[in-house]
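Engineer: Read off the chains here:
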Amino acid sequence: MNIKRLTPARWAASGLLLVVFIVLSLLPTLTQGYLVTLLTDILRYVVLTVGWMIFSGPTNYMSLATAAFYGVGFYIAAVFNGPLPFVAVIIIAGAVSFVMALVVGALTLRLRGVYFAIFTFALTLMVTSVVLEVERVVTGTRGRFVVTESTQTAYYAMLIVTIVTLVMAVLIRRSRYGLALQSIGQYEEAAAHSGINVVLTKVMVFAASAFVMGMAGAIIATRRTYIDPGIAFSLNTSFWPVLMALFGGMGNLVGPVIGAAVFTYLGELLLTRFPDLYMLIFGVVLILAIAFMPRGIVGLAEQVWGKIRGGRGAPA
Amino acid sequence: MLEIEGLSTGYGRVQVLWDLCLKVEEGEFVALVGANGAGKTTLLKTISGVIKPWSGSITFLGKRIDTLHANDIVDLGLSHIPEGRKLFTDMSIKENLEMGAYPKRTWKERRETMKWVFSLFPRLEERAGQLARTLSGGEQQMLAMGRGLMSKPRLVIIDEPSNGLAPRVVSEVFDILGSLHKEGITILLVEQNVRQTLATADRAYVLENGRIALQGSCTFLRESDHVRKAYLGL
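Chains as they are written, first to last, in my numbering: chain A, 1 to 316; chain B, 1 to 234.
Derived by calculation from the structure, the hints in this document are not laboratory data.
Just so you know, not all the hints are guaranteed correct.
Claimed, not checked - Some but not every residue of chain B turned toward chain A, in silico, with C-beta under 7 Å:
#	residue
1	75
2	90
3	127
Heads up, the beta-carbon is just placed ideally off N, CA and C, and yes, glycines get one too.
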């Protein structure tokens, strides 16, 4: 099924990818302002969605802790940006999220199915309360100011983190750990019989996905001047990546990237045009998408493509 | 090769195995028979590290394995082919086999090992690209066995391979076990199909209520009144 050969189609895809990245890296020199901000936002969701999918996609462990790891990045940026260089801040944010995920993962990845989802959801709430309390009792503040970075700096940082995330996702998918994760998702006990250290594999990949989430958080925080726990740990951050991955299709990596891009843009569009009805329209679009495109945009495209080519090889 | 002494274990507060002793020598074909609920599967799961023993010891190739994780035990050359196949149903046959070679020791040689497995199960090669769930029951059992062999085990413990298969396929499974044994692989087989098992294995243990009730050569057991009455219906 997953035979990797350098077919012409693969060369074309790699070429296209290269062009996309060249355009993306030159973009801020061509245009300023809104487009760059919008793209930063899209890239942020690409990072979060692909990061989420690295772990939750193959293993079927639905993590709702994205907001916790992402929000930690916010607070790291608030505390360290300025005193420390921006690059260091981003890496520290990733590292702290990584360590947090190691601890959380080691404690909770024995839970399965919905219990894991609920725990990760509660984790976000818990972290929020802890930060709130620490601010109230220790520092006597609510929220923090962040030393900002320019639109361009944030954009480039996010572009690099996006590339890191995608490369990481591809490497994991193609290594034996990719297969291992998939088999854990299918039959955990059989995976253990096959010689996989199930707990270690799950925890390490969970932590790797938290790493990029933390970095994304640190970058976005520098675009806000003020943050508080409600902003940093907004629960939406946990749900969007799940919906975007579903919307785009989870079969391969193109799906979540497209899902994140379309979703973010659609959100912006609806928010500016119909600020009052935004969520309502969005919800209806989402329900329709899930009802009629169970395999996401990418699945739909494959189906349509199969029909165009005369119905042969159309995946059911 | 495998030595179990004074093993007791269970689930929660329910004890399943009581002070059990069992031995498998290198190159032997040993069977473990018994009724439903006797503790056969529990014993195999304890050997392969999925369930932890309460007391007693399990030694494999001179090394205590009762404190090791399941994956480390596979790495030592002990492969457990679980009851009910437990395949990765939405992965291809080739991917299922590759997963069997997951330990570092065997991952690099997985292509050669797969050729060997395909020579044992030619039908799997024909269907290498298909998803595991599209296979028939017999083919799924072949795949489960093939996956278990991909880690190049010295001892295979196999749980109810004949479960749910047509009689003709059951004979095929037993034939394959026989040829594996000839290739020098030590086998510990758990079965409810007592007649065929006693005809194939060298030696057997009869497990009843979590205790070894009888043991001996298969010829001896086939003659014993207890086995004839309780398991062969004679």
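Engineer: All the hints need checking, so say for each whether the structure fits it.
Structural biologist: Hint by hint, here is what the structure shows:
no. : hint : result
1   : 75   : holds, 6 Å
2   : 90   : holds, 6 Å
3   : 127  : violated, 12 Å
Hint check: a violation occurs at hint 3 only; the rest are consistent with the structure.
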